[in-house]
Amino acid sequence: MKLVIGIVRPEKANDVLEALYRAEVRGVSMSRVQGHGGELDRVETYRGTTVKMGLAEKVRFEIAVSDEFVQPAIDALCEGGRTGEVGDGKIFVVDLERAVRIRTGETDHGAVTPVRK
Amino acid sequence: MTEVNAGDTAWMLVATALVLLMTIGLGLFYAGLVRSKNTLNTFMMCIAALAVAAVTWALVGYSIAFDGDGAIVGGLGHAFLNDVGFEPREGTTIPHLVFMAFQATFCIITVALVSGAVVERMRFGAFLIFAALWSVLVYAVMAHWAFGGGWLIANGTLDFAGGVPVEMGSGFSALAAALVVGARKDYGRQAMLPHNAVYVLLGAGLLWFGWFGFNGGSGFSTGNSSVLAFTNTMLTPACTLVVWFVLDLLRGRQVTAIGAATAIIVGCVLITPAGGFISPGWAMALGALGAVPSYAVIVWRPRTRVDETLDVLAAHGVAGLTGILFIGFFAQKGWNGVADGLVYGDAGTLGWQAIAAVAAPAYAFGMTFLLLRLIGLAMPLRATEHEEALGMDIVQHGEEAYVTGEGAILIAHEADGEAAKGVGSRV
Numbered sequence: 001m002k003l004v005i006g007i008v009r010p011e012k013a014n015d016v017l018e019a020l021y022r023a024e025v026r027g028v029s030m031s032r033v034q035g036h037g038g039e040l041d042r043v044e045t046y047r048g049t050t051v052k053m054g055l056a057e058k059v060r061f062e063i064a065v066s067d068e069f070v071q072p073a074i075d076a077l078c079e080g081g082r083t084g085e086v087g088d089g090k091i092f093v094v095d096l097e098r099a100v101r102i103r104t105g106e107t108d109h110g111a112v113t114p115v116r117k
Numbered sequence: 001m002t003e004v005n006a007g008d009t010a011w012m013l014v015a016t017a018l019v020l021l022m023t024i025g026l027g028l029f030y031a032g033l034v035r036s037k038n039t040l041n042t043f044m045m046c047i048a049a050l051a052v053a054a055v056t057w058a059l060v061g062y063s064i065a066f067d068g069d070g071a072i073v074g075g076l077g078h079a080f081l082n083d084v085g086f087e088p089r090e091g092t093t094i095p096h097l098v099f100m101a102f103q104a105t106f107c108i109i110t111v112a113l114v115s116g117a118v119v120e121r122m123r124f125g126a127f128l129i130f131a132a133l134w135s136v137l138v139y140a141v142m143a144h145w146a147f148g149g150g151w152l153i154a155n156g157t158l159d160f161a162g163g164v165p166v167e168m169g170s171g172f173s174a175l176a177a178a179l180v181v182g183a184r185k186d187y188g189r190q191a192m193l194p195h196n197a198v199y200v201l202l203g204a205g206l207l208w209f210g211w212f213g214f215n216g217g218s219g220f221s222t223g224n225s226s227v228l229a230f231t232n233t234m235l236t237p238a239c240t241l242v243v244w245f246v247l248d249l250l251r252g253r254q255v256t257a258i259g260a261a262t263a264i265i266v267g268c269v270l271i272t273p274a275g276g277f278i279s280p281g282w283a284m285a286l287g288a289l290g291a292v293p294s295y296a297v298i299v300w301r302p303r304t305r306v307d308e309t310l311d312v313l314a315a316h317g318v319a320g321l322t323g324i325l326f327i328g329f330f331a332q333k334g335w336n337g338v339a340d341g342l343v344y345g346d347a348g349t350l351g352w353q354a355i356a357a358v359a360a361p362a363y364a365f366g367m368t369f370l371l372l373r374l375i376g377l378a379m380p381l382r383a384t385e386h387e388e389a390l391g392m393d394i395v396q397h398g399e400e401a402y403v404t405g406e407g408a409i410l411i412a413h414e415a416d417g418e419a420a421k422g423v424g425s426r427v
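Protein chains in written order, with the working numbering: chain A, 1 to 117; chain B, 1 to 427.
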């Protein structure tokens, strides 16, 4: 059981969601974050004040998956998030100690498996 | 020649300012309807109309619209505002300058209206070129037909405040512009939702407020026709709102805010051509009945491949056409002192309303289509897919509407450009 964290461009977030959906990875959280990963800075001007935007808007996906879904989730993040330019983002995979589904109290593998109807 | 009348002039000065405010209201209305990454660009297209159309109007547009009574276009006698001074404009009791300024605000908002078809993907530079040419080749020509002594008004077409040049002119041009520029890259694939419904409602409210100057000023006086149009501007949109609520309830079981904002616009557009020609009772009927065709087009259009993004065709083109035809049936000499419609015994009125309802859309569509194709040969009309994904605010203007400022590093104030190095190290 792993937690896959993918940080991608906001404009690619919808493509990532589509790719995850196609890979049948269903449990996803996403949040808007700001970060810096070595990409070129964007320069903006407001009334004569020029600023370098050191932090770029990113979207952070958090996907808890059972082991067999780790690779499909990574593939989906890469496929949906890639433009080939610097700033496409990163993926981090970390071990997940426990997972609990609040509604039923199911734990671990049961908790990260989507409900099938 | 008549004298300048102080009361009439005072009202027309106010009305001119009211109509100018509409363009800002429209900017807010449009900005709320797009995604947050395109807020500024969308608003800026309306600001661009303020800039470009006011200049072209003073240079040549006003003259083409209002100099002489040529059938198709006016002359160049008023180009560069030649002979536009303090004397009353022929047929009015207000100074020629005020008349020109009032008409300029109409040209400005019509140009801004068309932008609704192409927001979120058209390049700002290309839009500036388009706005300049369109304001003269399409708006000024159609204004001449309907207001300035051209073939429609000469034959008796009734158009009080701009059903022909403003509403049908913008609506059917918007359709052509959407076809030439093409759909947004995500159109029909992803949901693209209005990002701020409060802007949309506030913008619609400002538009309605300004519309009292738009319609109420189109009698160029404080006389009966202006008073009638002013009052109808209050009644018609109210009826449109009520019917829109009912249509929303029938279709989705809920009354929507974006729908209400749209209904306000549709109601104001419906009464624009008819304002000074029909009784308050018929104006209310127009608001109620006229809601239906525009509602139908708004429901139908997103199911097509045509990404006429902010539904200028439905809200302005279709509602303007409905209003123009409605006059043909229900105009009443007892109220307007000019002509009766079919119901009151004059079928000829309906004939010329119908001709206007065919000619105006055809010219606006055809000319805009051609114009954009030609501009498209000289420069790309739209941003690349990558730029569209980033959002037009950053790509076209280097600014964001909702900037957080976190992580922003001061590089320089323009005034002390050479101190950039020192300032930069202050991080």
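Keep in mind that the hints were calculated from the coordinates and are not lab data.
Glycine included, C-beta positions come from ideal geometry on N, C-alpha and C.
Please note: incorrect hints may appear among the correct ones.
Said to hold, decoys possible - So the derived label-pair ranges between C-beta atoms look like this:
#1 B:366 - A:37: 27 to 37 Å
#2 A:47 - B:193: 24 to 34 Å
#3 B:374 - A:90: 39 to 49 Å
#4 A:71 - B:385: 43 to 53 Å
#5 B:209 - A:38: 31 to 41 Å
#6 B:404 - A:48: 14 to 24 Å
#7 B:404 - A:38: 16 to 26 Å
#8 A:29 - B:373: 40 to 50 Å
#9 B:75 - A:87: 52 to 62 Å
### Task
Please write out, lowest number first, the hints stated earlier that are contradicted by the structure.
Those not satisfied are hints 1, 4, 5.
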